[in-house]
Amino acid sequence: MGGAARTDDQAVLDVGRAIHAAFPSAGRRPLRALDDKAMDLASQDEELKAALFRFVDVVPACRNLDDLARHLTGFLGEVDEHPPPIAVAMRMSGTKAGRTALGAAAAAGVRHMAHRFIVGETVDDATGVMRDLWERGVATSVDLLGEATITQAEADRYARRCAEALDQLTAVYAKLPPRPQLEQDALGPLPRANLSVKVSALTPLLRPDAPELGKRDAAVRLRDLLRRAKDRGAHLHIDMESYDSIEAIADLVLELLAEPEFADGPSAGVVLQAYLRDSPALADRLVAFAGSTTRAHPLVVRLVKGAYWDHEVVEALQHGWSVPVFEVKADSDRNFEALTRRLLEARAGGTPIRPAIASHNLRSVAHAVAVTRELGLRDDDLELQVLRGLGDDLQDALAANGLRVRTYCPVGDLVAGMAYLVRRLLENTSNESFLADQASGTPIEQLLAAP
Amino acid sequence: MTASALRDLPTFRNEPVLELRRASERERLLQGLAWLDGRPPVDAATWIGDDKQSGDANVSTDPGDPERVVAHAPVATAQDVAHAVEVAEQGARAWRRVPARERAEVLVRAAAWMRERREKLAALCVRETAKPWAEADADICEAIDFLEFYARGAIALDRGHHLFQVPGERNDLRYLPRGVTGVIAPWNFPIAIPIGMTAAALATGNAVVLKPAEQAPGCGFVLVEALRAAGVPAAALNLVQGAGEAGRALVQDPRVSTIAFTGSLAVGLEIIREAGQVPEGQLHLKRTVIEMGGKNCVIVDADADLDDAVPAIVSSAFDYAGQKCSAASRVLVHEAIADALTERLAGAMEVLQVGQADTFGTEVPPVVEREAQERVARYAEQCARQGRVVATHDVPGAGWFAAPTVATELPADAPVLREEVFGPLLTVEPVRDVDDACDRVDALPVALTGGLFCRNPHTVEHVVRRSPVGNLYVNRSITGAMVGRQPFGGNRLSGTGTKAGGPDYLLHFVEPQVVTENTVRHGLVI
Ligand SMILES: Cc1cc2nc3c(=O)[nH]c(=O)nc-3n(C[C@H](O)[C@H](O)[C@H](O)COP(=O)(O)OP(=O)(O)OC[C@H]3O[C@@H](n4cnc5c(N)ncnc54)[C@H](O)[C@@H]3O)c2cc1C
Numbered sequence: 210m211g212g213a214a215r216t217d218d219q220a221v222l223d224v225g226r227a228i229h230a231a232f233p234s235a236g237r238r239p240l241r242a243l244d245d246k247a248m249d250l251a252s253q254d255e256e257l258k259a260a261l262f263r264f265v266d267v268v269p270a271c272r273n274l275d276d277l278a279r280h281l282t283g284f285l286g287e288v289d290e291h292p293p294p295i296a297v298a299m300r301m302s303g304t305k306a307g308r309t310a311l312g313a314a315a316a317a318g319v320r321h322m323a324h325r326f327i328v329g330e331t332v333d334d335a336t337g338v339m340r341d342l343w344e345r346g347v348a349t350s351v352d353l354l355g356e357a358t359i360t361q362a363e364a365d366r367y368a369r370r371c372a373e374a375l376d377q378l379t380a381v382y383a384k385l386p387p388r389p390q391l392e393q394d395a396l397g398p399l400p401r402a403n404l405s406v407k408v409s410a411l412t413p414l415l416r417p418d419a420p421e422l423g424k425r426d427a428a429v430r431l432r433d434l435l436r437r438a439k440d441r442g443a444h445l446h447i448d449m450e451s452y453d454s455i456e457a458i459a460d461l462v463l464e465l466l467a468e469p470e471f472a473d474g475p476s477a478g479v480v481l482q483a484y485l486r487d488s489p490a491l492a493d494r495l496v497a498f499a500g501s502t503t504r505a506h507p508l509v510v511r512l513v514k515g516a517y518w519d520h521e522v523v524e525a526l527q528h529g530w531s532v533p534v535f536e537v538k539a540d541s542d543r544n545f546e547a548l549t550r551r552l553l554e555a556r557a558g559g560t561p562i563r564p565a566i567a568s569h570n571l572r573s574v575a576h577a578v579a580v581t582r583e584l585g586l587r588d589d590d591l592e593l594q595v596l597r598g599l600g601d602d603l604q605d606a607l608a609a610n611g612l613r614v615r616t617y618c619p620v621g622d623l624v625a626g627m628a629y630l631v632r633r634l635l636e637n638t639s640n641e642s643f644l645a646d647q648a649s650g651t652p653i654e655q656l657l658a659a660p
Numbered sequence: 015m016t017a018s019a020l021r022d023l024p025t026f027r028n029e030p031v032l033e034l035r036r037a038s039e040r041e042r043l044l045q046g047l048a049w050l051d052g053r054p055p056v057d058a059a060t061w062i063g064d065d066k067q068s069g070d071a072n073v074s075t076d077p078g079d080p081e082r083v084v085a086h087a088p089v090a091t092a093q094d095v096a097h098a099v100e101v102a103e104q105g106a107r108a109w110r111r112v113p114a115r116e117r118a119e120v121l122v123r124a125a126a127w128m129r130e131r132r133e134k135l136a137a138l139c140v141r142e143t144a145k146p147w148a149e150a151d152a153d154i155c156e157a158i159d160f161l162e163f164y165a166r167g168a169i170a171l172d173r174g175h176h177l178f179q180v181p182g183e184r185n186d187l188r189y190l191p192r193g194v195t196g197v198i199a200p201w202n203f204p205i206a207i208p209i210g211m212t213a214a215a216l217a218t219g220n221a222v223v224l225k226p227a228e229q230a231p232g233c234g235f236v237l238v239e240a241l242r243a244a245g246v247p248a249a250a251l252n253l254v255q256g257a258g259e260a261g262r263a264l265v266q267d268p269r270v271s272t273i274a275f276t277g278s279l280a281v282g283l284e285i286i287r288e289a290g291q292v293p294e295g296q297l298h299l300k301r302t303v304i305e306m307g308g309k310n311c312v313i314v315d316a317d318a319d320l321d322d323a324v325p326a327i328v329s330s331a332f333d334y335a336g337q338k339c340s341a342a343s344r345v346l347v348h349e350a351i352a353d354a355l356t357e358r359l360a361g362a363m364e365v366l367q368v369g370q371a372d373t374f375g376t377e378v379p380p381v382v383e384r385e386a387q388e389r390v391a392r393y394a395e396q397c398a399r400q401g402r403v404v405a406t407h408d409v410p411g412a413g414w415f416a417a418p419t420v421a422t423e424l425p426a427d428a429p430v431l432r433e434e435v436f437g438p439l440l441t442v443e444p445v446r447d448v449d450d451a452c453d454r455v456d457a458l459p460v461a462l463t464g465g466l467f468c469r470n471p472h473t474v475e476h477v478v479r480r481s482p483v484g485n486l487y488v489n490r491s492i493t494g495a496m497v498g499r500q501p502f503g504g505n506r507l508s509g510t511g512t513k514a515g516g517p518d519y520l521l522h523f524v525e526p527q528v529v530t531e532n533t534v535r536h537g538l539v540i
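Line by line, the protein sequences are chains U and B.
Residue numbers are given in the numbering used here: position 65 of the first sequence equals residue 274, and the series is strictly consecutive.
Residue numbers are given in the numbering used here: position 480 of the second sequence equals residue 494, and the series is strictly consecutive.
Bound conformation, chain U alone (with noise of 0.2 Å):
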């Protein structure tokens, strides 16, 4: 231990306490606590939570409140034990008005749930949200949550809605007063507008075989983007996905961004995954990159765990392919203060780079605002990232520590969210996630941890 690489664990416990301290109390949050329990409920016991899962995941698709009950306890069902509010909903079941009363009963539960992280159907509707937050302290990223793509229809129509929030997000902030701490650091200009999207969504051609393909067909609609945030001033953020699309992706966004028209803008930013094997080479090509182009806006690399994690290990082992995500959890977890060192010390070094640290980790975030320290960065050449419904405490603690966090946003319908919510979810009731540790009373020592 104690490598010239590492830092203080001294410094990383103060700064997480210091966080910490700053944390709003769960009774200042009755329905956030409610939301907790059944939450917990879920990850305790495994039947139960995927009875659970599988119902949510299948609410947009049912007819009426009827079929919803029916598909309700048919999940339940599966599960051995019925905890006692269980075993009252299949007693309900048995009629068809006590199944329209679970049915309504549960679609609101799932909407209710759906709420936490999902802003509102439509930017629009997210604007309070958005207003609000600035108005605290907090930027935001906002993703459009859509169901898969797989036609050209739906690409266009994908494309069409990235284009009108980017001049909703441009006009909404427009209007808001300054807020010197989100607007600037060291480097220059940060855009308020901030749109993530997804390749996924910008093609049906994304084939893990022929990466040439998506990318082809993706770059026509990114470049479009591009061009409307350039117009407008407003941040392009690429999210990185499942890793076999990581090569088209990669590719698709770092030739686009060194194409000449976009050397003056917009500012834009990528996802480097640490729970990959091969994230470390990733990293390289991204700093070289920033550090090589004439772009005029630093690139904004978002330093994420990876939200893809049981998708890759599954896909793996029924191929029998060696994984390519660290299957300890600890290893994602030092990988990702390594590459937070690695991003911090580029900055450090001169590279214009703009590292995102996107994590709801207290020990994650702590240690990258240590590190920060250490190379003698100032605190507003870090920028944190949070998820809505996940990080909203660790939002105002950061946001009271005078750090610049931004929380990425989605917004969309029911049906559209629901694999953004199940993963969610799922992320929240692991044995292996961090908030579930925080939820059940870890000391804060140990939180902080080093991992």
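It should be emphasised that the hints constitute simulated quantities derived from the structure, not laboratory data.
These numbers were taken from a predicted model, which means no experiment stands behind them.
Just to be clear, a hint being listed does not mean it is correct.
These stretches of chain B come out as covered by chain U in the derived footprint (C-beta under 8 Å, 3 or more residues) [to be verified]:
#, stretch
1, 46-58
2, 305-319
3, 361-370
The beta carbon of each residue, even a glycine, is placed where N, CA and C say it ideally should be.
Go by the hints and put chain B with the ligand onto chain U.
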């Protein structure tokens, strides 16, 4: 016996397909293709015992470029076939005496031989049968799986079965080889299917006369090469090249005791009829292990997630131009979501990748030959006449391309709803509910694969109970059965109910024998 032969074989696991999302793996396949293209056409000889007879009466060409010759082969005469059976009969006598364990090792060595050359073998599938890369690679993996799986299965079978024992008596159940197996194989899994049937026969101590499809003599030749190189004695594995006539001669030969066939319903039924004859002097009843076609339906209930269902249906129906016996040909969709599904299906058709098999990303390659192209076109015309074509797709001019087509609004008695097209054609029928769909499935004489998209566990169970098919897939594509994981084969007129790649497949290649020995002597149990 070597020391290694005494050790247990490691537990079976499927050969991993290449991870084609990695550029280095794609490069590897392209090198295999460059190697193949740099060589003269495969000399796909008839190979009886040690005697090789080359010829060019039958030439296989690249379906995507019919000018390109892939392999040249002779056409065996009835006399050649008779000779092959005679050699096999001798071969069978020696091969059955080889311990099961050693026979298994030979198969495992053949698997290793193929593993080392997988990119070259995949390239041959690409050229000779226009299988797109991922599927060609999967074909080689399946071939390896069959070898490894049956090798292990035969060792287990050789241990016999536990029987009820009482004092003074010893009961043993053993399985004996049946003799000469005739294997008649299709071209659509040009290496996997013939090697699967052949390996099952060899593993259980039978000798084989293999007749590969006339469209894929080159693939047939290399798989024999693999087995011979691994140590299958020449007389135990004989290759005759040819078409229907050679096949008929093989089926009719009274010395052949088992016939393993995968192919069309018409030929399958003819084989069953022929095999029923017992001419003077024939000492056994012929057994047939037969896989024929299907008319595979995918049921989509109202609660299905179309994000998943549509891509799965498209790949089940159109990958490899629908030339799989497991391919989807009818969609039976709940009327509540029929319009949404049809619209998304039509949109997905637009982005289907129709092209040459050697291009990564191609989903719909050319069909295997002109005749197939014409057959698909006939059915497509029928759809246009009797119903409404929802979507179709442009195809390149050169090569035997058949336009992928989705049709709907067909009358209930339309032939295209009953007959196997074996090409890129899919029909869509709205149904009242899943029971309506099950009734339609139940009315079909064939029952190979089926699909169901539904998220209500009660409904899933209900459909499973009503389903006559041999392989039912729930909430996924209906093709791509894996050895050991999805033992494959149809019911009703789709086949003899034998499950390739399953735990009881080998039983069709053996004769059971029970030996009961009295162990009481002078009133004492000894
Ligand atoms: C603003 C923002 C944007 C995001 N954008 C993206 C994106 O574009 N693409 C993307 O993929 N993700 C994205 N994510 C999600 C992110 O990848 C994580 O899933 C999520 O943040 C949870 O990680 P954590 O550090 O907050 O929590 P932690 O609880 O510390 O970590 C959980 C993560 O650890 C990893 N993990 C879990 N179990 C194991 C194990 N057994 N072995 C190894 N690793 C394991 C997984 O990645 C899991 O998500 C984003 C997150 C945020 C906050």
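Hints, verified against the model:
As drawn, the stretch 46-58 of chain B meets chain U at 0 residues by the rule of a beta-carbon pair under 8 Å; below three, the given contact is violated. Beta-carbon proximity to chain U at under 8 Å applies to 4 residues in the stretch 305-319 of chain B; the threshold of 3 is reached and the given coverage holds. Against chain U, the stretch 361-370 of chain B contributes 5 residues with a C-beta closer than 8 Å to a partner C-beta. That satisfies the three-residue criterion, and the hint holds.
Hint compliance for this structure: hint 1 is the single one not met.
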